[in-house]
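Trainee: Based on the hints, put chain B in the right spot on chain A.
As they're listed, the protein sequences go chains A and B.
Position one of the first sequence corresponds to residue 5 (the numbering used here), numbered consecutively onward.
Position one of the second sequence corresponds to residue 313 (the numbering used here), numbered consecutively onward.
No lab work stands behind these hints: they were computed from the structure.
In this text, a Cβ means the ideal position worked out from N, Cα and C, and glycines have one as well.
Any given hint might turn out to be false.
Said to hold, decoys possible - Facing chain A, according to a computed beta carbon distance under 8 Å, are these residues of chain B, among others: (1) 490; (2) 494; (3) 496; (4) 497; (5) 499; (6) 500; (7) 501; (8) 503; (9) 505; (10) 506; (11) 507; (12) 508; (13) 509; (14) 510; (15) 511; (16) 575.
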Amino acid sequence: MPILEGRGVTKYFGGLVAVSNVDFHVDQGEILGLIGPNGAGKTTLFNLISAALPMSSGEIVFKGQKLNGLKPHRICKMGVSRTFQETKVFANMLALQNVLVGAFFGSPKHISGADAAREAAQALEFVGLSAMSATPVADLTLVNQKRVEVARALATKPELLLLDELMAGLNPTEVSEAMELVRKIRDKGITIFMVEHVMKAIMGVCGRIIVLHHGEKVAEGTCNEISCNKTVIDIYLGEESHAGSQ
Amino acid sequence: MGVVQLLTTNRKLLRWVFLALVLALIVTLPLYGGRYHTSVLSFVLVYVVLAVTWAMFSGTTGYMSLAPAAFFGLGVYSMAILQHTLPFPIVMVVGGIVSFAFALLIGLVTLRLKGIYFAIFTFGLVVFLSELVQHLETRLRNTHGWAIIPMNTTMILYVALGLVVVTMLAVYFIRRSRYGLAMLSIGGNEEAAGHMGVNTTMVKVLSFAISSVFMGVAGVIGATQLIYINTAVAFSTIYSFMPILMAVFGGMGTLYGPVAGAVVFAYLDTMIRNEFPRYFLLIFGIVLVAVILFLPNGIAGLMPMLQERLRGLKARLRKGGQTEQHANT
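Isolated chain A (complex conformation) (with noise of 0.2 Å):
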């Protein structure tokens, strides 16, 4: 059963169409995977979920409610919640304080200071980031910024989650970290849509995976699928490195 859907969702910046005309949904309890080139329209599609940007048209419905013309802080609340392709910490805070505007603002019920900072130190325990969590952000490096956003994103209780090249300027270790870490959010009961360039974390986590070229969805389909599709191969992976050796 879809928990977000969109029908015909389309984005234009001026007289370039961004998202053009994309059908998508994604099944609760699943980790979905958006790939496609650099300028597909991956993050577009993000902001229009996260209601960063307007849609042009088109509709995206979150358990049977339309989100259109929602502010961002009401589709959080909703619960769907995000992180940012180029990490987008509260740079003048310390790392609890990030998750704990997560915990308290996040959710649509009221909670009280104590609750929150409880959530907000167990969601950066899960994370793995409980020794910092009185270090300032801005002293952090990227891979531990980007696990703050995840724990921040965490706090806010969401039902989906959109993850935003999590695993982009992480080197492999961090890699299989991060990718261990986005099962165990799954595990946790939380659908996850992903946006991802490196593909060995895409194919290692996803079950299902869609395509985006120019704004248009061009495949989607199980790993193997998407690995095997002509087009996708053709426009994607390139001449050299084969889907098929995955």
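Mentor: Coordinates of chain B only, in the frame set by chain A:
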């Protein structure tokens, strides 16, 4: 001996004792300071309120407001217009409410502007208000400016002190609350704050309006020290720039930073103005540049910095003592 030990070991107690001393000094100043010093101190306290509330909004959200003069001026005019008809405490309330309402309106329209555009707009707001009030004044009264009946300086000092205390308490609790955290997150990354569930528009507009309440009341109190006011006096851009300089000078990261900045700055201002009337702005500028260069965290950052230096020096001395027999380390 016991008292000294207690004070040097218990930081918190030391702070409270210091605070009590300062309060006692302010409260007793009218007894020996004379009317001039009492009056100067009242205005310093007014500046403290402006600096602290400016830092509360702009220091956390990162929206550089140049509007303090607008709200201060609204307070001054509330006093000028209502001084004969309403008792002073009620005028203070009116000044606060007028500022709040105006800030709410302005906030809703302008807080979508980012960065320098917000600063420019708020600056323009001061000029606009000044012109508008002057226009209305000439149309409706055919006169220019108002005389303010002088009030008991001691009473004004105590009222100003009361406002400072209320302001500090309010800002203290706001900073500690989830609301303060939301303001800080807007300063950190507004877009991310929105996606984490913070209603950024509401938080910005409301905190802008709350900070302006205190500025409006400060205007009412400040008016009593001004004898004669007109739009140029009430909406002087000084009241926008001084609080900012004070907050930067004192350091915005802490609650007491802007207070320290306001006190030092306001007295420095009076002193230099009296001693070196010709070089006043030059000296002022040099001091400010020096502070920005050498004390990036303001006066509030001075103590931790000195402590660190001292610790480093001690460590080096100790090390030097141990390795005396050896060659230089």
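Trainee: Flag every earlier hint the structure violates by its number, smallest first.
Mentor: Checked against the structure, the only hint that fails is number 16, while the rest are satisfied.
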